[in-house]
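Put chain B on the given structure of chain A with help from the hints.
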Amino acid sequence: QKEVEQDPGPLSVPEGAIVSLNCTYSNSAFQYFMWYRQYSRKGPELLMYTYSSGNKEDGRFTAQVDKSSKYISLFIRDSQPSDSATYLCAMRKESGGYNKLIFGAGTRLAVHP
Amino acid sequence: KAGVTQTPRYLIKTRGQQVTLSCSPISGHRSVSWYQQTPGQGLQFLFEYFSETQRNKGNFPGRFSGRQFSNSRSEMNVSTLELGDSALYLCASSQDRGVNEKLFFGSGTQLSVL
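Heads up: the sequence lines are chains A and B, in that order.
Sequential numbering of the first sequence, starting at 1379, is according to the working numbering.
Sequential numbering of the second sequence, starting at 46, is according to the working numbering.
Incorrect hints may have been included.
As the list claims (entries may be wrong) - Heads up, simulated DMTMM-like pairs for lysine to aspartate or glutamate below, C-alpha to C-alpha not over 20 Å straight-line: (1) Lys-1478(A) - Glu-146(B); (2) Lys-1471(A) - Glu-146(B); (3) Lys-102(B) - Glu-1472(A); (4) Lys-147(B) - Glu-1472(A); (5) Lys-1478(A) - Asp-141(B); (6) Lys-147(B) - Glu-1423(A); (7) Lys-1471(A) - Asp-141(B); (8) Lys-1448(A) - Glu-1381(A); (9) Lys-147(B) - Asp-1436(A).
If you're looking for bench data, these hints aren't it; they were derived computationally from the structure.
Looking at chain A on its own, in the form it has when it is part of the complex (with noise of 0.2 Å):
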């Protein structure tokens, strides 16, 4: 079984909608949760940086964090088509291995007019 868990997709909505993605984990020792946009043939781009459980709101997307059942969210509203891309969660741990990232497979998304 994989650390973490992420459904590749795809993912289609029409333009407008709101978005639900989500990622879970299984190692505890996960404290520190990313969100990465990839658009094809780019590099990863930072979207949200998240520690505590709870939410935290950029614009129109809002990440969202539960450890007690290790699950993570991202969420974007009023979709548009220019939002179309693999987004990727991504954990890292307390202590060591800093920038060692472990990273969910990517769920590709569609937002059509």
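Frame of chain A, contents of chain B only:
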């Protein structure tokens, strides 16, 4: 400020050859990490360099190696290439080492092994 720069953008090699990939981190960033991305395995950590020293290593064979120079630029080398080494190789930099450091990725080098 310029982002993480990786060269070359695309590379085609044959089995048994070796390859060197280059990464220039964001100005002022001292940590450089390398990741391999494949459709089957996703993004996997290769190694991290900080102050010219390898600080962390992923679960890859010894054919994969790297180094960092005094100006923080980094190179990774893959010797005796295998078909399975075909992948997008991504470099990421951060200002320092620490749990709160954010990683910024380059666009990657797409390696095809024939």
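These are the hints, each one checked on the structure:
no., hint, in the structure
1, Lys-1478(A) - Glu-146(B), "holds, 11 Å"
2, Lys-1471(A) - Glu-146(B), "holds, 12 Å"
3, Lys-102(B) - Glu-1472(A), "holds, 17 Å"
4, Lys-147(B) - Glu-1472(A), "holds, 14 Å"
5, Lys-1478(A) - Asp-141(B), "holds, 13 Å"
6, Lys-147(B) - Glu-1423(A), "holds, 11 Å"
7, Lys-1471(A) - Asp-141(B), "holds, 16 Å"
8, Lys-1448(A) - Glu-1381(A), "holds, 11 Å"
9, Lys-147(B) - Asp-1436(A), "holds, 16 Å"
In terms of the numbered hints stated before, the structure departs from none.
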